[in-house]
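J.: Sequence:
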Amino acid sequence: MAKKEVVEEERSAPPEIANVPQHVAIIMDGNGRWAAERGKPRTEGHRAGAESVRACAEACGDLGIRYLTLYAFSSENWKRPKTEITALMTLLERFLKSQTKEMLKNNIRLQAIGRITDLPVKSQKSLHDSIEATADNDGLNLILALNYGGREEIIDGVRSVLRHIQDGLLDEAMLDPQIFSKHLYTRYYPDPDLLIRTSGEMRISNFLLWQISYSEIVISEKFWPDFKREDFFQAVQEYSRRQRRFGGL
Numbered sequence: 002m003a004k005k006e007v008v009e010e011e012r013s014a015p016p017e018i019a020n021v022p023q024h025v026a027i028i029m030d031g032n033g034r035w036a037a038e039r040g041k042p043r044t045e046g047h048r049a050g051a052e053s054v055r056a057c058a059e060a061c062g063d064l065g066i067r068y069l070t071l072y073a074f075s076s077e078n079w080k081r082p083k084t085e086i087t088a089l090m091t092l093l094e095r096f097l098k099s100q101t102k103e104m105l106k107n108n109i110r111l112q113a114i115g116r117i118t119d120l121p122v123k124s125q126k127s128l129h130d131s132i133e134a135t136a137d138n139d140g141l142n143l144i145l146a147l148n149y150g151g152r153e154e155i156i157d158g159v160r161s162v163l164r165h166i167q168d169g170l171l172d173e174a175m176l177d178p179q180i181f182s183k184h185l186y187t188r189y190y191p192d193p194d195l196l197i198r199t200s201g202e203m204r205i206s207n208f209l210l211w212q213i214s215y216s217e218i219v220i221s222e223k224f225w226p227d228f229k230r231e232d233f234f235q236a237v238q239e240y241s242r243r244q245r246r247f248g249g250l
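Counting from 1, position 217 in the sequence shown corresponds to residue 218 in this note's numbering; the numbering is continuous, with no gaps.
Careful, some of the hints might be misleading.
Within a straight-line C-alpha distance of at most 30 Å, the following computed DSS-like cross-link-like pairs (lysine-lysine) qualify [claimed, not checked]:
#	residue 1	residue 2
1	Lys-183	Lys-126
2	Lys-106	Lys-80
3	Lys-183	Lys-83
4	Lys-80	Lys-223
Listed next, with one range per pair, are the computed distances between beta-carbon atoms [what the hints assert, rightly or not]:
#	residue 1	residue 2	range
5	Phe-247	Met-203	19 to 27 Å
6	Gln-23	Glu-85	32 to 40 Å
7	Gly-65	Glu-85	32 to 40 Å
8	Gln-23	Pro-82	31 to 39 Å
9	Arg-81	Gly-40	15 to 23 Å
10	Pro-42	Phe-181	18 to 26 Å
11	Ser-13	Glu-85	33 to 41 Å
12	Ser-13	Leu-176	47 to 55 Å
13	Asn-20	Ser-182	20 to 28 Å
14	Pro-42	Gly-169	51 to 59 Å
Treat the hints as calculated values from the structure; they're not laboratory data.
For each residue, glycine too, the CB sits at the ideal point set by N, CA and C.
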């Protein structure tokens, strides 16, 4: 009975929020420090963080948020020990295998951005299978940023623009921010309204550099594995209290 009560508390009704963001992006930081504080290997922090992914995705669905982008693996993360990288890729594959049914049940459409073809072949297949399985869902768009870097994305966008100009598909005199945005990984999505970063760090870490130009930023002191449903609601409530002027008055 006690266990059932805990579950019901976790899925309590979301708060009434007047101004819900359309797109939330999260820098999921602090898995390693969470594990270190508990005398556990870093990989245990990553496993615990997967539960926060599920909790935040459910919270988005409950609030009617359309897009959730998660910084899952950066292009700089390849510098980490090989054992940790292998563990991260294995965790990704297991997460996709175990959560695809849940995504289908909750009408979540999985997508990914980044240099995906540089991921291990097995990870690519798991990702492709989950994306294909959820392609017809029309609820929350869950976007995983994998082997992603904001600078790399802009470089790839410039290359795409140059190809279009060389092929006669684009007049360079017509190039503006709106057109350039169509050459980025995120061309199918609106820019994030809200950027959340956990673990109290005050930096962007090469994440969505172009897209977050006017995003509201909320910093949580909690490590990512401790960031749960109620914490997500609090971040959205903070967003809703702000006045976005986009450079105007």
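J.: The structure should be examined with respect to each hint, and the outcome stated for every one.
T.: Quick rundown of the hints versus the structure:
no., hint, verdict
1, Lys-183 / Lys-126, "holds (26 Å)"
2, Lys-106 / Lys-80, "violated (36 Å)"
3, Lys-183 / Lys-83, "violated (35 Å)"
4, Lys-80 / Lys-223, "holds (25 Å)"
5, Phe-247 / Met-203: 19 to 27 Å, "holds (22 Å)"
6, Gln-23 / Glu-85: 32 to 40 Å, "holds (34 Å)"
7, Gly-65 / Glu-85: 32 to 40 Å, "holds (36 Å)"
8, Gln-23 / Pro-82: 31 to 39 Å, "holds (38 Å)"
9, Arg-81 / Gly-40: 15 to 23 Å, "holds (20 Å)"
10, Pro-42 / Phe-181: 18 to 26 Å, "violated (42 Å)"
11, Ser-13 / Glu-85: 33 to 41 Å, "holds (35 Å)"
12, Ser-13 / Leu-176: 47 to 55 Å, "holds (49 Å)"
13, Asn-20 / Ser-182: 20 to 28 Å, "holds (24 Å)"
14, Pro-42 / Gly-169: 51 to 59 Å, "holds (54 Å)"
The structure shown violates the earlier hints numbered 2, 3 and 10.
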